[in-house]
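Letter by letter, the chains look like this.
Protein chains: 2
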Amino acid sequence: MDSLKDQTAIVGIGWTEFSKSSGRTEWSMATEAAVKACADAGIAPNQIDGIVRSSFDAVLQHQLVKSLGIDELTYHGEVGFGGGAPCAVATQAAMAVASGMAEYVLCFRSVNLASGQRYGVSRAGGRVGGEMAYYTPYGFLAPAQWIAMFAQRHMHEYGTTSRQLGAIAVSQRANANRNPNATMKGALTIDDHQSARIIADPLRLFDCCLNTDGCCAFIVTSAERARDLRQRPAFIMGMAMGLARNQEVVRTYNRPSMTEFPETKLTSARLFRMAGVAPGDIDVAQIYDHFTPGVLIALEDWGFCEKGQGGPFVESGAISWPDGSLPVNTHGGNLSEAYIHGFTHILEGVRQVRGASTSQVKDVELSFVASAAFVPTSALILH
Amino acid sequence: MDSLKDQTAIVGIGWTEFSKSSGRTEWSMATEAAVKACADAGIAPNQIDGIVRSSFDAVLQHQLVKSLGIDELTYHGEVGFGGGAPCAVATQAAMAVASGMAEYVLCFRSVNLASGQRYGVSRAGGRVGGEMAYYTPYGFLAPAQWIAMFAQRHMHEYGTTSRQLGAIAVSQRANANRNPNATMKGALTIDDHQSARIIADPLRLFDCCLNTDGCCAFIVTSAERARDLRQRPAFIMGMAMGLARNQEVVRTYNRPSMTEFPETKLTSARLFRMAGVAPGDIDVAQIYDHFTPGVLIALEDWGFCEKGQGGPFVESGAISWPDGSLPVNTHGGNLSEAYIHGFTHILEGVRQVRGASTSQVKDVELSFVASAAFVPTSALILH
Numbered sequence: 452m453d454s455l456k457d458q459t460a461i462v463g464i465g466w467t468e469f470s471k472s473s474g475r476t477e478w479s480m481a482t483e484a485a486v487k488a489c490a491d492a493g494i495a496p497n498q499i500d501g502i503v504r505s506s507f508d509a510v511l512q513h514q515l516v517k518s519l520g521i522d523e524l525t526y527h528g529e530v531g532f533g534g535g536a537p538c539a540v541a542t543q544a545a546m547a548v549a550s551g552m553a554e555y556v557l558c559f560r561s562v563n564l565a566s567g568q569r570y571g572v573s574r575a576g577g578r579v580g581g582e583m584a585y586y587t588p589y590g591f592l593a594p595a596q597w598i599a600m601f602a603q604r605h606m607h608e609y610g611t612t613s614r615q616l617g618a619i620a621v622s623q624r625a626n627a628n629r630n631p632n633a634t635m636k637g638a639l640t641i642d643d644h645q646s647a648r649i650i651a652d653p654l655r656l657f658d659c660c661l662n663t664d665g666c667c668a669f670i671v672t673s674a675e676r677a678r679d680l681r682q683r684p685a686f687i688m689g690m691a692m693g694l695a696r697n698q699e700v701v702r703t704y705n706r707p708s709m710t711e712f713p714e715t716k717l718t719s720a721r722l723f724r725m726a727g728v729a730p731g732d733i734d735v736a737q738i739y740d741h742f743t744p745g746v747l748i749a750l751e752d753w754g755f756c757e758k759g760q761g762g763p764f765v766e767s768g769a770i771s772w773p774d775g776s777l778p779v780n781t782h783g784g785n786l787s788e789a790y791i792h793g794f795t796h797i798l799e800g801v802r803q804v805r806g807a808s809t810s811q812v813k814d815v816e817l818s819f820v821a822s823a824a825f826v827p828t829s830a831l832i833l834h
Numbered sequence: 452m453d454s455l456k457d458q459t460a461i462v463g464i465g466w467t468e469f470s471k472s473s474g475r476t477e478w479s480m481a482t483e484a485a486v487k488a489c490a491d492a493g494i495a496p497n498q499i500d501g502i503v504r505s506s507f508d509a510v511l512q513h514q515l516v517k518s519l520g521i522d523e524l525t526y527h528g529e530v531g532f533g534g535g536a537p538c539a540v541a542t543q544a545a546m547a548v549a550s551g552m553a554e555y556v557l558c559f560r561s562v563n564l565a566s567g568q569r570y571g572v573s574r575a576g577g578r579v580g581g582e583m584a585y586y587t588p589y590g591f592l593a594p595a596q597w598i599a600m601f602a603q604r605h606m607h608e609y610g611t612t613s614r615q616l617g618a619i620a621v622s623q624r625a626n627a628n629r630n631p632n633a634t635m636k637g638a639l640t641i642d643d644h645q646s647a648r649i650i651a652d653p654l655r656l657f658d659c660c661l662n663t664d665g666c667c668a669f670i671v672t673s674a675e676r677a678r679d680l681r682q683r684p685a686f687i688m689g690m691a692m693g694l695a696r697n698q699e700v701v702r703t704y705n706r707p708s709m710t711e712f713p714e715t716k717l718t719s720a721r722l723f724r725m726a727g728v729a730p731g732d733i734d735v736a737q738i739y740d741h742f743t744p745g746v747l748i749a750l751e752d753w754g755f756c757e758k759g760q761g762g763p764f765v766e767s768g769a770i771s772w773p774d775g776s777l778p779v780n781t782h783g784g785n786l787s788e789a790y791i792h793g794f795t796h797i798l799e800g801v802r803q804v805r806g807a808s809t810s811q812v813k814d815v816e817l818s819f820v821a822s823a824a825f826v827p828t829s830a831l832i833l834h
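Same order as they appear, the protein sequences are chains A and B. Going by this note's numbering, 759 is the number at position 308 of the first sequence; the sequence numbering is gapless. Going by this note's numbering, 628 is the number at position 177 of the second sequence; the sequence numbering is gapless.
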């Protein structure tokens, strides 16, 4: 069989209100976002015959089969690893379409991460298994703590500064201020960033993503069917995911380097090889931003700047809209738009291909999307 | 892209000891079974570049990346819905191989279902969501109770008897008695079945599957690579999975019929269409046996006998080895070999293609495997 390059496309996107308290179930939000994604694509909800979900999601496929009135679902699948999953969810959907297992595959992520259980809150107590058995006794419990370790090491090795991390937050807030869906608005300066309280040194408040209630959904179908639908398709030109030797989930502290992530570099090589383009060809990038160092280090590992140069790169304005060479997180990202566990990045990547972003980059030919670094990661190139 | 028919094969199988108390972690067992599956196929463990798991499993892909010494994992995925998953796990692996996302995909299921948390034990207390909110207050908590409802209705509509259910248990025990891996041995007669205690009326003790500690693993690769490996490949000729309108997980009591499962019938139609064969062409079948009615009703819905005729069919000896027209669960199944959540059925389906079963059917051309009925189901045709 041929490579998956350009065999499939994202043809519909849908999302709910993003809020701090949805007052409804994840199932209800997923149904709304799915119906909107179908309307956007110009298909009926019961044309959905495949559903791929994040294994972290509260909503299961049979619930959407019921609420969408689907008569026959011929493919269902899941992807693990939380924030690393979204682009791998799209990839699995593309595989299902390309292999003829389904024609229209719904992908979604529905969360009450503000009003329900937040990822950012430490959870002690109960049974602790796996590698967390080594960390929990020391109170090393929350994602901000885990990522802070990588940031500290990057600062030590490369002289990266907190102001450089702040440049990411400031740039994304400017994008959020143009985005009507964004939940965090208002001016944010480097001084605001620098005077905000420490969450886990060196991470300050504005280095950390939001907690949000809401849902994002999108639909993958064949390139051939895509051409007859309502929207300009976002063809999936490249897709890749990966793990590498001795990788842990987020907390990989036991390899020779804590500032270079072989799984991201290997995944990047496969991604760009499939697409037949290079990082320098990318026009706009959505990069998962659980915390600002996640963007800074990912920019290096995906190949957008040299290792260790992430700080100067973001500080130079390269990632800012509209004049940067690579505008990043043009929706405002997890930091300032909403935190739907990385699915907003795929929707924004599609908007950039369509010319429909509120921070639209001119003449986009190649739109890059990356899911979380440090976890097993995944990425897409859309065009 | 072409259909997935005959593009991939299962080339290696591995399993641990099946016991009531493994005394080890699921991770340790999964590593052992994976290494054995690789040895069986004639590949090195670090040639594994994809892993698909059941989302119910305790072991995550990064753990096996570590314990198997894998340098680069290029595909990972999951399948939900427990006992309905195994053949869908194989299908997702086949998709990954056929689409070039990985070359050698490991599939596994590792459980301590005897020494750890048993599925058969009611779990009350804690937060109850979804449809279980309607059942829990009535003490309707355990799988045996849920399946008993379908069995009662089948008896009411078609005159199915407890002795007919017993014929399944008795036939499978005879197969287990020839299988050195089986954990339940010794003579089992219809009278033994009939005099055993009721678990959930009409299910008696021997209508219910075991609880087992252990792991099964298998490896999927391309048909082309398969031909150069150590074993006779089990080519995947047909694969399908499915959900249908208003389906619940196991507890679908709210549709016009409680004895006919549209998702199984639709999945059967797709499966046999892909393979280009008919149910009557199948030589041997492994059918998930959480409870004996799960086999009896599935035989009807997959198309091996007429609706309502499952009772007479199994009582006639049609499913018995060696003289039945369709020997079923030649390993002894979940009832008498071991309960590894349906993965043993795939291993036995492969053995029948290889000519390596301890209850080998002569001249097998088509080997059928079905995962659990009532949950979203899945199936394979191997040859």
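Treat the hints as calculated values from the structure; they're not laboratory data. All figures in this text were calculated on a predicted structure; none of them were measured in a lab. It cannot be assumed that every hint is accurate.
Since the list gives no way to pick out one identical chain from another, each pair is judged satisfied if it fits inside one copy or across any two copies.
[To be verified] List of simulated lysine-lysine pairs, DSS-like, C-alpha gap at most 30 Å:
{"#": "1", "residue 1": "Lys636", "residue 2": "Lys456"}
{"#": "2", "residue 1": "Lys487", "residue 2": "Lys456"}
{"#": "3", "residue 1": "Lys758", "residue 2": "Lys517"}
{"#": "4", "residue 1": "Lys471", "residue 2": "Lys456"}
{"#": "5", "residue 1": "Lys636", "residue 2": "Lys716"}
{"#": "6", "residue 1": "Lys813", "residue 2": "Lys471"}
{"#": "7", "residue 1": "Lys517", "residue 2": "Lys813"}
{"#": "8", "residue 1": "Lys758", "residue 2": "Lys471"}
{"#": "9", "residue 1": "Lys636", "residue 2": "Lys758"}
{"#": "10", "residue 1": "Lys517", "residue 2": "Lys636"}
{"#": "11", "residue 1": "Lys758", "residue 2": "Lys487"}
{"#": "12", "residue 1": "Lys471", "residue 2": "Lys716"}
{"#": "13", "residue 1": "Lys471", "residue 2": "Lys636"}
How do Lys813 and Lys471 come out at 30 Å by Cα distance, when the copy is not named: within, between, both, or neither? neither (33 Å within a copy, 64 Å between copies)
My question is about Lys758 and Lys487: at a cut-off of 30 Å on alpha-carbon distance, are they close within one copy, between copies, both, or neither? neither (41 Å within a copy, 40 Å between copies)
Give the relationship of Lys487 and Lys456 under a CA distance limit of 30 Å: within one copy only, between copies only, both, or neither. The answer is within: 27 Å in one copy meets 30 Å, while 35 Å across copies does not.
Since the copies are identical, ignore which copy is meant and state whether Lys636 and Lys758 lie within 30 Å (CA to CA) inside a copy, between copies, both or neither. Neither way: Lys636 and Lys758 sit 32 Å apart in one copy and 62 Å across, limit 30 Å.
Checking Lys636 and Lys456: alpha-carbon separation at most 30 Å within a copy, between copies, both or neither? neither (38 Å within a copy, 53 Å between copies)
Please sort Lys517 with Lys813 into within, between, both or neither, judging by C-alpha distance up to 30 Å. neither (41 Å within a copy, 44 Å between copies)
Identical-chain pair category, Lys471 with Lys636, by Cα at 30 Å: within (14 Å within a copy, 58 Å between copies)
Please work out whether the CA atoms of Lys471 and Lys716 approach to 30 Å or closer within one copy, between two copies, in both situations, or in neither? Classified as neither; 35 Å inside a copy, 44 Å across copies.
Indicate which option fits the pair Lys517, Lys636 if close means a Cα-Cα distance not exceeding 30 Å: within, between, both or neither. Neither. Shortest intra-copy (37 Å) and inter-copy (43 Å) distances fail the 30 Å Cα cut-off.
Should Lys758 paired with Lys471 be assigned to within, between, both, or neither, using CA atoms and 30 Å as the limit? For Lys758 and Lys471, the Cα distance exceeds 30 Å both inside one copy (37 Å) and across copies (52 Å).
As a check of your reading, is Lys636 near Lys716 (CA-CA no more than 30 Å) within one copy, between copies, both or neither? Cα proximity of Lys636 and Lys716: none, with 34 Å in one copy and 53 Å across.
How would you classify Lys471 and Lys456 at a CA-CA limit of 30 Å: within, between, both, or neither? Neither: 38 Å inside a copy, 48 Å across copies.
Checked against the numbered hints given earlier, this structure breaks hints 1, 4, 5, 6, 7, 8, 9, 10, 11 and 12; the rest are met.
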